[in-house]
Amino acid sequence: MKCIDVHAYYGGFGFPGQALTIAESLAFMEQHEVERAIMMSSMGIQYDFVAGNAELAEAIAPFDNLYGYVYINMHYPELSLKELEKYLTSDKFVGGKYNGEYCRAAACAEENRVVFDLLEKRYRKPLLLHTWGLPEHGNVVAYSLPSQALELAQQHPELAVIMGHMGGTEWMSAIRAAAAAPNLYTDMQSSIADRDKVGVAVQMLGAEKVLFGSGSIGWGLMKQKGAVLAADITDQEKHMVLYENARRLFGI
Amino acid sequence: MNREIVDASTIFGFWPKRKADTALDTLLRLMEENDISRACTISARGIFYDFLEGNRETWAAAVAHPQLIPVGTVNPCRWIGCLDEAQRLIDQGSKLLRFFPQYQEWHIGQAPFRKLLRDVLAPSGVALMIPAVMGVTAIGEMAAKISNPVIIDAMRYTHWAEAAVVMQDVPNVFVEIHLGSWLEWIKAEVGAERVVFGSNAPLSYIPASTAQIEYASVSEEDKALVYGGNLRRILGV
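Heads up: the protein sequence lines correspond to chains A and B, in order. Residue numbering for the first sequence follows the numbering used here, starting at 1 and increasing by one per position. Residue numbering for the second sequence follows the numbering used here, starting at 1001 and increasing by one per position.
By construction, these hints were calculated from the structure, which means they are not laboratory data. Note that the coordinates shown come from a computational prediction; the quantities given were computed from them, not determined experimentally. Just so it is clear, CB atoms sit at the ideal spot from N, CA and C, and this is done for glycine as well. Misleading hints may appear alongside valid ones.
Label-pair restraints from in silico Cβ distances [unchecked claim]:
hint, chain 1, residue 1, chain 2, residue 2, range
1, A, E58, B, A1023, 50 to 60 Å
2, A, K82, B, P1123, 44 to 54 Å
3, A, P16, B, R1056, 19 to 29 Å
4, A, S90, B, E1214, 48 to 58 Å
All chains should be modelled from the sequences, with the hints used to inform the complete structure.
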């Protein structure tokens, strides 16, 4: 079953998974019927978002089926605005990405409004927002709760906010949050593959609010696609989750 | 009194965890403004993203700016290439390896770090810097089994009593003081030669660290040891 991956990384992380080259990613995509992938820079997430976005832009430029998210960092709102303006005029960059846990700052804070206004009102492109039910990376408070994603979505009713990882451990909280705002979506990618979270999400939200992501083309794709294929939903719903929703939401 | 200040803990690069100007030029300017003659430093790229690239960046900065003492790092949570890179750093003459488990989600009690310590770090005798958040007693127990100098950084108030007892028992343990010190007290407990100055610049104010030493009721000789003499002796620089 063909799919569009809305949660793909370019680069490595601080644990022992090998980062794929673009050529290796493309080979994996072909092997597993991933027609298109939207990538974000792992360097941008963990370290320097300006350098990371630039590295990603160069890497995906030659390939028609690879797209990018502009990574932003809420500690640097002025720089984030510049990054959005630098890339979002291009069809290659189809949305923004933010991870509050790595950055230690919640997206929904009032002072960030101008950044998300730009995505919502000028570029009208979605935001992939990392969500997790617990503090991560040594943080003692959480910056990426589904309830915080809901707050952001309600602040920006025209902005499509996709909850990356569907809240992780607390995926039921993410589903409830998505049910409370028409512009709040879920991306089922997660290391948590509880059965039947995809089925429950589709049942409670409708298939149009659940998207597919690999988390990493190299070492997450088969697991995530397997979870969708094994979900207790119809083939038409699987097609929507794996492919059609991403095509519609991102216009690709 | 005209003293030489050698800073045990600085960084440069990009800081993703809060808004901060941590550019290399900023570090160099702050060193000059605060009469820091030399500083141990490390690229934040090696802390947060890629220790191979970060170490290369650190060494390039030190070649361009001889007042910088390059500090190496590896990430045992990443593990791939960890042992080889640590050995390479030691072979190229690194004086200090600094670790950042607080950002990388590992602990010194875990098997990868223990193997790194046993197979590469301990045989070399290279100095190590480990944050107090790992547990001062745990760091002391680790240090008691090796001869490497072990500098505990990011000491908070709640760590000092533990550190004093550990240092009384383990002679190769030292403390860095950017988060606060009771210099008079720790001198009485273990001697001023066990304390090294660090600023955590550009993330922290340098005078916030120097003032603790400047206004401490200890001799000028003791201050000189803390400001730089001890670190020079420990690192052999």
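Against the structure, the hints:
no. : hint                           : in the structure
1   : E58/A with A1023/B: 50 to 60 Å : violated (23 Å)
2   : K82/A with P1123/B: 44 to 54 Å : holds (49 Å)
3   : P16/A with R1056/B: 19 to 29 Å : holds (20 Å)
4   : S90/A with E1214/B: 48 to 58 Å : holds (54 Å)
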